[in-house]
Amino acid sequence: MKARMIAYRHQDSPIHRLGGAAKLAFFAIWSVTAMMTYDTRALGFMLAIAVAAFAVSKVKFADYGFVLYLILFFFLLNHIAIFLFSPLEGVKIYGTRHDLLHLAGRYWVTEEQLFYQFNIALKYMTVIPMALLFILTTHPGEFASSLNRIGISYRIAYSVSIALRYIPDIQRDFQNISHSAQARGIDISRKEKLLKRLKNVVGILMPLILTSVQRIETVSAAMELRGFGRGRGRTWYNARPFRTGDYAAVALVVAIAAVTAWLTFRDGSRFYNPFR
Amino acid sequence: MAFSKRNPIETVVAIGIGSALFTILGRFGSIPTWIPDTNVETTYALLALFAVLYGPLAGVLIGFIGHTLKDLTYGTPWFSWIIASAAVGLIIGLASGKVRAVIDDGDFSFKTIIRFNLYQIAANAVAWFVIAPSLDILIYAEPANKVYTQGLVAGASNMVTVAILGTLLLAAYGRTRVKKGSLTREA
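So the sequence lines, in the order shown, correspond to chains A and B.
So in the working numbering, the last spot in the first sequence is 276, and the numbers never skip.
So in the working numbering, the last spot in the second sequence is 187, and the numbers never skip.
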């Protein structure tokens, strides 16, 4: 229950000093680029930049280390699943076959499969550092104004801001409710039978959701009294003007996206094929 | 009270708090089953309930924002499934106008349960059997048989979860509403 979440911590580094809007735009374009390409050279280049950005940011391992194990675990599970379901996916994609080792039945280890799974790994490894960096270095209060800045309606930006504001409150409510339920013998751990456990979960969810519905009514009444939604736009306490560094960061990610797109689609295939 | 007259500010707040609930229940509210790697995700019961109560816009945004925030607390946003969550909220929200009206009037019947469940099964089928695996293939180029198997398991488990927990939540919420016409004028 005491699972930690990665969160912003105040530090001073070039990455921390970048504006939230620039970082959000950077992360969004970066993710789309990494999703689009399967070109090993482009992914490798992006990974190098991600690692460099991580080094520059001076974030401490203790702040994110605990999620790495979790990520690594799912990562391995996913790779095993890919191999179990489709050991010759790489052969299908790259169109050649170089066998290395025969395991059993249809399970052959091929160079193509290893290269394909290596590319999947690269694809994740380019996005994970940037996602971590974005969360670790962006003040949550600045997040909403950044969303508004990059063109999203301020009402939706405000929703995100409310979500971030209430996550700790709701987590505390959830813990209080489930502790008091457990004190009354309502168990939702593995020790209870599945159906009984489901029934017990309702006993925890119900008060949590009903108090949340009440909270929605209270908060929206308060916002209405203060005239929320009256104007076409709004100003933000945490808004920061674009500075030189912000323009440089956005220009860099646009350049990376353009080069990656060119490199990826030049030969008409998303995949970089070293086997031909 | 028809939904279209619902306060738009309430929708904004519902999206925010709904996303926060989605994140917390996604992190702490999954119950492991006897099938390995398959959890009962209680958070989808919440998504279904909020999509019914606050409409399609709230449904799609709670799915999208909630799932993104949940994934970001782990460090890896998995975009294909985020979009699938948004689709679940959208479809249930779009279809459930009638369910919403009935519940707001405090008039909850067996017919409403059937209706709600038909919508949620359709929404989960579209999201997990079609959208999530197709995007997995499109974005991540993962093997088709793997992602369709994952989609089938996730979709089926979410259908059952929403059928049991979602219906119970909806019924419990319905009981907190005052039934229309329940007051009579004294002579």
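It should be emphasised that the hints constitute simulated quantities derived from the structure, not laboratory data.
Take these hints with a grain of salt, some might be off.
[What the hints assert, rightly or not] Quick list of in silico lysine-lysine cross-link-like pairs, DSS-like style, CA-CA up to 30 Å: (1) B:K98 - B:K111; (2) B:K98 - B:K180; (3) B:K111 - A:K199; (4) B:K98 - B:K179; (5) B:K98 - A:K58; (6) B:K180 - A:K196; (7) A:K196 - B:K111; (8) B:K111 - B:K180; (9) B:K98 - B:K146; (10) A:K92 - B:K146.
On a predicted model such as this, the values are computed, not experimentally measured, just so you know.
Hint-by-hint comparison with the structure:
1. For the given pair, K98 of chain B sits about 11 Å from K111 of chain B by alpha-carbon distance, which is consistent with the 30 Å threshold.
2. Annotation: proposed proximity of K98 of chain B to K180 of chain B holds, straight-line Cα distance about 15 Å (limit 30 Å).
3. For the hint pairing K111 of chain B with K199 of chain A, the CA-to-CA distance comes to about 23 Å; that is within 30 Å, so the pair holds.
4. Simply put, K98 of chain B and K179 of chain B have alpha-carbon atoms about 16 Å apart, close enough for the 30 Å limit, and the pair holds.
5. The suggested pairing of K98 of chain B with K58 of chain A is violated, with an alpha-carbon distance near 54 Å, which exceeds 30 Å.
6. Between K180 of chain B and K196 of chain A the alpha-carbon distance is near 34 Å, which puts this suggested pair outside the 30 Å criterion.
7. For a cut-off of 30 Å, the pair hint linking K196 of chain A to K111 of chain B stands: about 26 Å separates their Cα positions.
8. Using a Cα cut-off of 30 Å, the hinted pair K111 of chain B and K180 of chain B holds, with the two alpha carbons roughly 17 Å apart.
9. For a cut-off of 30 Å, the pair hint linking K98 of chain B to K146 of chain B is broken: about 37 Å separates their Cα positions.
10. A C-alpha spacing of about 15 Å is found between K92 of chain A and K146 of chain B, which places the hinted pair at or below 30 Å, so the restraint holds.
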